[in-house]
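Chemist: If you want the building blocks of each chain, they are given just below.
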Amino acid sequence: MVGDAVLMAALASVVGGIAVLRFAWSLPRRSSGWNAGGWGLLVLSAAFAWLAQGAWGAAIAGLWGMGAAMALIALAAARAPIKGHVRASNRKIEAKIGALPEGKMPPHILRRVVTFLIVALVAMIVSTGLALAMRGAALWAGASEANANVAGLFTMPIVWTLLTFSLLMTGSRIRQWRLLLLCAVPGLITIFAGANV
Amino acid sequence: MTTAPESSPVKRALSAHAAIGLLVGGLLYLVSLSGTVAVFHEEFQRIEQPDIPEMASIAPEAVQRGVEAVLASDDGKPVTTHLTVRLPVETRPRTTISSDYRSVHVDAAGVIAGREENAWSRFLVALHYTLNLPILLGVTIVGGLGVMMLALCVSGVVALPRIFRDAFRLRARNKAGVALADWHNRLSVWTLPFTLAIALTGAVLGMAGLIYSAMAANSYDGDIEAVYAPIYGEEGEADDTPAPVPNVVAALEYMQTNYPDVTLSYIVLHDPLTKGQHVQIIGLPDRRLIIGEYYAFDGDGQFHGTVGLADGDIGQQAAASSYDLHFGNFGGLPVKLAYLFFGFILTVICATGCYIWLGKRQRRGIEESRLRAAWDAVVWGSPLALTATFILRMLMGNDAPLAAAFWLGLAAIIIASIFISAPGRLARILKRALAVACAAGSLFVLSGCIEIATR
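Sequence lines, in order, name chains U and B. Residue numbers for the first sequence follow our numbering, beginning at 1 and rising by one. Residue numbers for the second sequence follow our numbering, beginning at 1 and rising by one.
No wet-lab data here; the hints were simulated from the structure. For every residue, glycine included, the Cβ atom is placed at its ideal position computed from N, Cα and C. Don't take each hint at face value.
Claimed, not checked - The calculated label-pair distances, taken between Cβ atoms and stated as ranges, are: (1) B:P193 x U:L110: 38 to 46 Å; (2) B:I112 x U:I125: 43 to 51 Å; (3) B:T263 x U:D4: 14 to 22 Å; (4) U:W34 x B:K11: 27 to 35 Å; (5) B:C449 x U:I109: 47 to 55 Å; (6) B:S213 x U:W50: 29 to 37 Å; (7) B:D75 x U:W50: 49 to 57 Å; (8) U:I109 x B:I429: 28 to 36 Å; (9) B:S442 x U:R79: 29 to 37 Å.
Unchecked claim - Covered stretches of chain B (in silico footprint by chain U; criterion: 3 or more residues with CB under 8 Å from a CB of chain U, positions within the stretch not fixed): (10) 15–27; (11) 138–148; (12) 166–173; (13) 196–205; (14) 213–223; (15) 285–296; (16) 319–332.
If we strip away everything but chain B, and leave its shape as in the complex, we get:
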C-alpha cells in the first residue's frame, strides 16, 4: 500500500474521482466497450454481408450509371435532398449509394447489386454515439460522458501524488486490493494521451450540436448552417427548377487528372436533379488526421475549389481531425489494432474503478454483495449482450430487433443480480456464457471471412 502522506487536495481529488466514477462508470464502460468494438465497424459490415461485390476501384462511368439507377428507382417520391456514394477504399472495398430513402450496393459496372444490410454495425455505432437514444439527446449525453472522462483524468492525476515514482510499480499479484489499484493506476497513467484524445474528441463531436446551436442563436439569427459554413463550406443556393443528373464522370475525371495521389472516399450530391445541385468529392490525403478535403463541383462537373480542411484555417483542420483521431482511422490496420488494444485497456480501467471502491468497502467490513453482483452484471453482461445481438443478426437477418434485444437483455442480467448475489457466482455464470457467445460469434466472423476471401 502507498505510504506517501496524503494532503488535502489529494483527498479531495480522490473523492471527486470516486464520485464521478461511481455516477457515470456504467455508461462510460458501455461507451468504451462499444467504441473499442466499433473501431472495426467497417470490417463488420463486410462480415454481415459477405456476398456483396467488392472492388479495389470503380470507373467514373460505372459510378454515373449507379447514381442514375438509384435516382430513377426513387421515382414517384420527392427528390432526395442528398445522394451519397461511398467509394471503395482499403477497409471497405465496396461501392454503396444512399439516398434519403434507401441504401444499395452496386457492382463494378454500376449495376445495383442489392440492399445494404448492415443492421448490427449501425446498431453498434448508434450504441456508441447515442446509447440508442434519439439522436440529439443521445449524442449530447455521450458528449457529456466524454467531459466526465476528462474530469476523471484530471482528478485521477491529482489523486496520485507519487505518479512518477510509482509509474512502473505494478504489484500485479498482491491480494490485498493493491493489485487492482496498481493495475488501474498504471494503465490509466500510461494510456493518458490516448484517453485524453479520445475523451476530448468524443466530447467535441458529441457537444458540437449544442454548442453550434448556441452560436447560431447568439450570432447567426438561429441559422445553424451559417455556423458550419466557414468550417465545412456553404450549402449553396437552392433552386428547385428541374435539371438533369449531375455529371459525376467529369468531376471524377478532373480528380484523376489533377489530384491523382488523393484517395477518393465519398461523393455527395446535394439537391440532385435540381438547378441548385452541386457535387462534393471527399478525398483522403496521405498521413493526415483530417477526415478528408472537400472538392467542390457544380452540376456540370466543373471544379470550384476546395473548402480548406487540409490547408485552410487551423480551426478547420482541427475540426476535421476530430473524427479520425477519435476512431483511429488515420493509419490503416496497425493504428486500428493499436486503438483496439488501448480501447480495451480503457474499458478495463472503467471496470476496475468500481471494483476498487467495492474492495475498499469490503476490507472495512462493509459488504455490498448486491452492488458487486450488479457491477458484475454490467461488466460481464454488456459484452455478452453485445455478442448475443451479433449472433441474433447473423441468425435472424437484417430486421432483427437488435437495440431492444441488447437493452432488454442487459436489464434482465442486472435484475438477475438481485437474486444471484452470492460472491462471484453471477460473474462466473456470465463469464462462461460470454466465452460460449464469443466462440459462436467467432464462427460467424470466420465464415464471413472465408466467404469474402474465396470469392
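Pulled out of the complex, with its shape left as it was, chain U reads as follows:
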C-alpha cells in the first residue's frame, strides 16, 4: 500500500517535472527557479521510484516520463505552422563533415577502412582487455567473484562506446593509436600478470 503510494508520487513527479521543464524552456528569458523546479521534480521522481520498487520502479517512472514528453512533442507538432521552402544549404561545414566525398574530392577509401578496423576491431579488443582489468581490480578490491565478473561484463561495451566516440572525435591517426595503446596497458598487465581466482 505504502509502496504503491510512493510509486504514484514518483509517476506524478516525473510527469510534473517534464511539464515544468516544458514551461521553463518556453520562457523568453531563462528562469533558474523554474529550471530548478523541473529538474528537482525529476530527481525526486527517481528517488521516490527507487524507494518504492528499486530498479523496477525507476524503469516504470522512466517510461512514464518519456510518455509525457512524447505527448508534449505531439502537441508541438500539431501546433507547428506550415513553413519553409527548399533552399540550398550554404554551410561550408557540411563539406568537412561528409561521410562520403563530394564532387572531385578523393574518396580516401584506405583511410576510411583503417578507421573502421580501428573502431570496430582494435577498440573492441582493447575494451575486452579493459574488462579483464576491471574484473581483476574488482577482485583485488574485495568484490565477490560474481560482482567482479559482471563488472567486467558491463565495462566492455561502455568502454568500447567511449573509445569509439573518442577515436572518431580526434582527426589525428597518431593520437588514435596513442589512445588505444594507453587503454590497452591495463588489459595487457592483467593478461601477462594473470588474474587467477
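Please build the complex by placing chain B on the supplied structure of chain U, with the hints as guidance.
Modeler: Just chain B now, with coordinates in the frame of chain U:
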C-alpha cells in the same frame, strides 16, 4: 535552421555521428524493427498455432506425466542433456516441453498435444539476435551494433549544443529539411533513457559470450562454465549412472507450499535419467526486472536453495535484469505496449538519420538518387519482407523457408532500387505493397485471435 554557433567539438561530434550512422544505419534499422515486433513474439507464437490447448495453470502430476512422456518418446537416442518445461504464464498460457531433439505442447492432463510449430516467431527472434547468422558470429555482431547505438547516443548529444533550449521545438511542417532534423533530434533526446537501456542491455547480452570466453581463457583455464557459475549457479557434478525420472511433483509441491506468491515460469531438468540429474525451477518475483530466481532441487525433489538472482550479489541481480529490461517483459501488457511505441520511435530515428544526410546533400546540389532509392528499399522493404514471411508461414506451414525468403526478398528489393531510382517512385510502390501485406497479415492475426478466444 539553428543559429547557434558551432564549436569544433560539435562539428566533430556531428561528423562522428554521421560516420557511425551511415556505416551501420541499415543493420541498426533492421535490428530495431525486428526487436520492436519481437516484443510480442510470445503472442505471435499463439497466433501461429491457435489450436493448441491452453491453461492458466497445470497440476504437478500433469507436468510429471508430460516429462515422462517426452523422455520416453526420445527412447533409442542418447539421453537429452536438458529438458525444459515452459509453464503456462499470462502472456503464454501453454505448457511446452523441449528436449535436445523435439519440442511438444502438452494439455492440462500432461498428454502430448502436438509438435511446437512457431517457426516465424523463432525466425523473428533469430533475426533480431543474430541477423540469422551462425549464433556466435551473429550475436557478437548484433552486440557490436548495440555499442554503435550507444556511440550514436553520445555523439548525438554532444552534437546538439542547444539540447535543452530546443527540447520541445518541433517545426514539424517545415519543408527545408528542418522538419526531418527536428523530428530526429526531438524524438532521440526524449527517448534517450529507453535507447540507452536498450543499447546497453543489447550490447551486454550480445557481447557476453566473447567477454566471458576472454575471462575463461585468462582466469579459469578456459572453463567458461566456471565464469557463469558464481552468477547463475553451478551445473553440478555429472554422473552418468542411470537413474529414474526426477521427482518434479515434489519440487513443484515444495514451491506451492513455501513460495505461493511466486509465479513459476520454467522447469529445467539437467542431465535427466542419470544419477547426476538436478532440477531447476525459475520463479518470477513480482515487480522486479530480473528474469527470475533459480530454485535448485535434486532428483528426488529435495530443495537445495536459491542461486541469488533476486537477493544475492548486486552483480547477479544486474546480470539477471538485462534480458527483461531489454525486451520489456517486466510489467505485463502496459509495458509491452510502451516498448512497442518506443521501439517504433527508435526505428523511425534510425530511418530518418540517413534521410537527413541525403537531404543535406541534395540541398547542396548533390543528387544521390540511387542512394536514396536504396535507402527507401531498406526502410520500406524490410517491414514488407518481414510481413511477407509471416504470410508465407501462415500459408505454407511451419517448414516454410523464412530466413531465405526474407533475405532474398530484401536483396531483390535493394537491387530493384538500382533500376527504379526516380525520386520517390520505389518508396511509393513499397509503401502500397506494405499496406496490402499488413492488411493480409492482420487478417491472419485476427483469425488466430478469434480461434483462441472462441475455444
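Chemist: Now look at each hint and say whether the structure bears it out.
Modeler: A quick look at each hint next to the structure:
Look at B:P193 against U:L110: about 39 Å separates their beta carbons, and that is inside 38 to 46 Å. The beta-carbon spacing between B:I112 and U:I125, approximately 48 Å, falls within the hinted interval of 43 to 51 Å. The hinted window of 14 to 22 Å between B:T263 and U:D4 holds, with their beta carbons roughly 19 Å apart. U:W34 and B:K11 have their C-beta atoms about 32 Å apart, which keeps the hinted 27 to 35 Å range intact.
Distance hint for B:C449 and U:I109: a CB-CB separation of about 52 Å, consistent with the stated range 47 to 55 Å. The supplied range of 29 to 37 Å is met by B:S213 and U:W50, whose beta-carbon atoms lie about 34 Å from each other. Between B:D75 and U:W50 the beta carbon distance is about 53 Å. The supplied range of 49 to 57 Å therefore holds. Taking the beta carbon of each, U:I109 and B:I429 are about 33 Å apart, inside 28 to 36 Å as hinted.
Between B:S442 and U:R79 the beta carbon distance is about 32 Å. The supplied range of 29 to 37 Å therefore holds. As drawn, the stretch 15–27 of chain B meets chain U at 7 residues by the rule of a beta-carbon pair under 8 Å; at three or more, the given contact holds. Under a criterion of three residues with beta carbons nearer than 8 Å to beta carbons of chain U, the stated coverage of the stretch 138–148 of chain B is upheld, 5 such residues being counted. Evaluation of the coverage hint for the stretch 166–173 of chain B: fulfilled, as 7 residues show C-beta separations to chain U shorter than 8 Å, against a requirement of three.
Only residues whose beta carbon comes within less than 8 Å of a beta carbon in chain U count, and the stretch 196–205 of chain B has 4; three or more means the coverage holds. Evaluation of the coverage hint for the stretch 213–223 of chain B: fulfilled, as 5 residues show C-beta separations to chain U shorter than 8 Å, against a requirement of three. With 3 residues carrying a beta carbon less than 8 Å from a beta carbon of chain U, the stretch 285–296 of chain B meets the three-residue requirement, and the given coverage holds. Coverage of the stretch 319–332 of chain B by chain U holds in this model, with 5 residues showing a Cβ closer than 8 Å to a Cβ of that chain against a need of three.
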